[in-house]
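**Q** As a plain string of letters, each chain reads:
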Amino acid sequence: MSTLIVIDQPPYGTWAGREALDMAFSLAAFDQPVSLLFTGAGVNWLRKLQQTSEIEQKSVEKNLSAAPIFGVEALYADADACTRYGLRLEDMVAGVAMSESNSELLHQYTHTAFAG
Amino acid sequence: MAAIQLQNYTLVITGAPYSSQAPQTALSFARAAITAGHTLDRVFLYGDGVHLASALSAPPSDETHWPDEWAGFLKDNAIPGVACIASALRRGVVNEPEQKRYELPASNLLDPFVIAGLGEWVEGTMTSSRVIYFHAGG
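Protein sequences, first through last, are from chains A and B.
Note that this note's numbering has the first sequence beginning at 1, numbered continuously upward.
Note that this note's numbering has the second sequence beginning at 117, numbered continuously upward.
No wet-lab data here; the hints were simulated from the structure.
Glycine included, each C-beta is placed from N, C-alpha and C at the ideal position.
Watch out, some of these pointers could steer you wrong.
[Said to hold, decoys possible] A short list of chain B residues far from chain A (calculated; beta carbon distances all over 12 Å): (1) 171; (2) 203; (3) 220; (4) 241; (5) 249.
[Claimed, not checked] Computed spacing ranges between beta-carbons, pair by pair: (6) A:100 with B:243: 32 to 40 Å; (7) A:68 with B:214: 28 to 36 Å; (8) B:230 with A:57: 29 to 37 Å; (9) A:30 with B:218: 23 to 31 Å; (10) B:230 with A:112: 25 to 33 Å; (11) B:148 with A:90: 44 to 52 Å; (12) B:152 with A:30: 50 to 58 Å; (13) A:112 with B:153: 20 to 28 Å; (14) B:246 with A:55: 35 to 43 Å; (15) A:112 with B:235: 18 to 26 Å; (16) A:100 with B:219: 14 to 22 Å; (17) B:147 with A:48: 27 to 35 Å; (18) B:245 with A:56: 23 to 31 Å; (19) A:95 with B:153: 32 to 40 Å.
With these hints in hand, go ahead and build the complete structure from the sequences.
**A** Quick look at the structure:
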């Protein structure tokens, strides 16, 4: 069994993405293969140097940087969404792979789950 | 008529009652699945879905009481209903042990729901033949 968790919600303004990330960490904690796909406004999770003190929230960048440590296998960014949000690979946290075709990526996993 | 392949499902509800239709749609699905002979392994409440497990919902009498409807369905069919502990604590859905642990003034977990970790969902993904998600949408 392998799971792709899809985060299609922005990092701030909704808790859904954070709770989707917890799902990924939980699978990894039980040694289940899991990767993350960021798409739509969700690609903003991957932005480097997020400054969140003004909105009194924890930066999701720190949570996300823990993903490889917890055993999340891969971080994918939807290439079209990155273009739409003006995100280049060098603007993003380390270890992100671009996904040119989400449908092909989804085929590689037996389960998928979306942020709410 | 071709024989249908029977499934055992885990249902995940992430939308709250009265702000989304997720619990209602999930209940319709659950009833249809049981009627057709399928099995529900468990219902897992995550994110805003944990509000379905509040014993303090008091909708107007001419509206459906979704927490009670769900609680009755789970009891009648002996299906475990599990609310994610992290989601529930953030949103003020607590059982007595958590009330004591966090020194809160009340507990409000609706019977027969229990509070447990995301491991219950992980187990569902590993053992159920299908995992179906009911989101708020929008």
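**Q** Given the hint of 32 to 40 Å, check if residue 100 of chain A and residue 243 of chain B actually sit that far apart at their C-beta atoms.
**A** Holds, since residue 100 of chain A and residue 243 of chain B (Cβ atoms, about 34 Å apart) stay within the stated range.
**Q** Going by Cβ atoms, does residue 203 of chain B stay more than 12 Å from chain A at every point?
**A** 7 Å, violated
**Q** Using the Cβ atoms, figure out if residue 112 of chain A sits within 20 to 28 Å of residue 153 of chain B.
**A** Holds: the Cβ-Cβ distance is about 27 Å, inside 20 to 28 Å.
**Q** Between residue 148 of chain B and residue 90 of chain A, does the beta-carbon spacing fit 44 to 52 Å?
**A** 50 Å, holds
**Q** Cβ-Cβ distance between residue 230 of chain B and residue 57 of chain A: within 29 to 37 Å?
**A** At 30 Å between Cβs, range holds.
**Q** Holds or violated: the 27 to 35 Å window for the beta-carbon distance between residue 147 of chain B and residue 48 of chain A?
**A** 48 Å, violated
**Q** Using the beta carbons of residue 100 of chain A and residue 219 of chain B, state whether their distance is inside 14 to 22 Å or not.
**A** Check failed, 52 Å falls outside 14 to 22 Å.
**Q** 23 to 31 Å was suggested as the range; check whether the CB atoms of residue 30 of chain A and residue 218 of chain B agree with it.
**A** 26 Å, holds
**Q** Kindly confirm whether 32 to 40 Å is satisfied by the beta carbon distance between residue 95 of chain A and residue 153 of chain B.
**A** The hinted range 32 to 40 Å is violated for residue 95 of chain A and residue 153 of chain B, with Cβ atoms some 46 Å apart.
**Q** Are residue 68 of chain A and residue 214 of chain B spaced within 28 to 36 Å by their CB atoms?
**A** Because 32 Å falls inside the window, the suggested range holds.
**Q** Does the hinted range 50 to 58 Å hold for residue 152 of chain B and residue 30 of chain A at CB?
**A** With a Cβ separation near 31 Å, residue 152 of chain B and residue 30 of chain A fall outside 50 to 58 Å, so the hint is violated.
**Q** Taking C-beta pairs only, is residue 220 of chain B more than 12 Å away from all of chain A?
**A** Holds: least Cβ distance 21 Å, greater than 12 Å.
Of the numbered hints listed earlier, those contradicted by the structure are 2, 4, 5, 12, 16, 17, 18 and 19.
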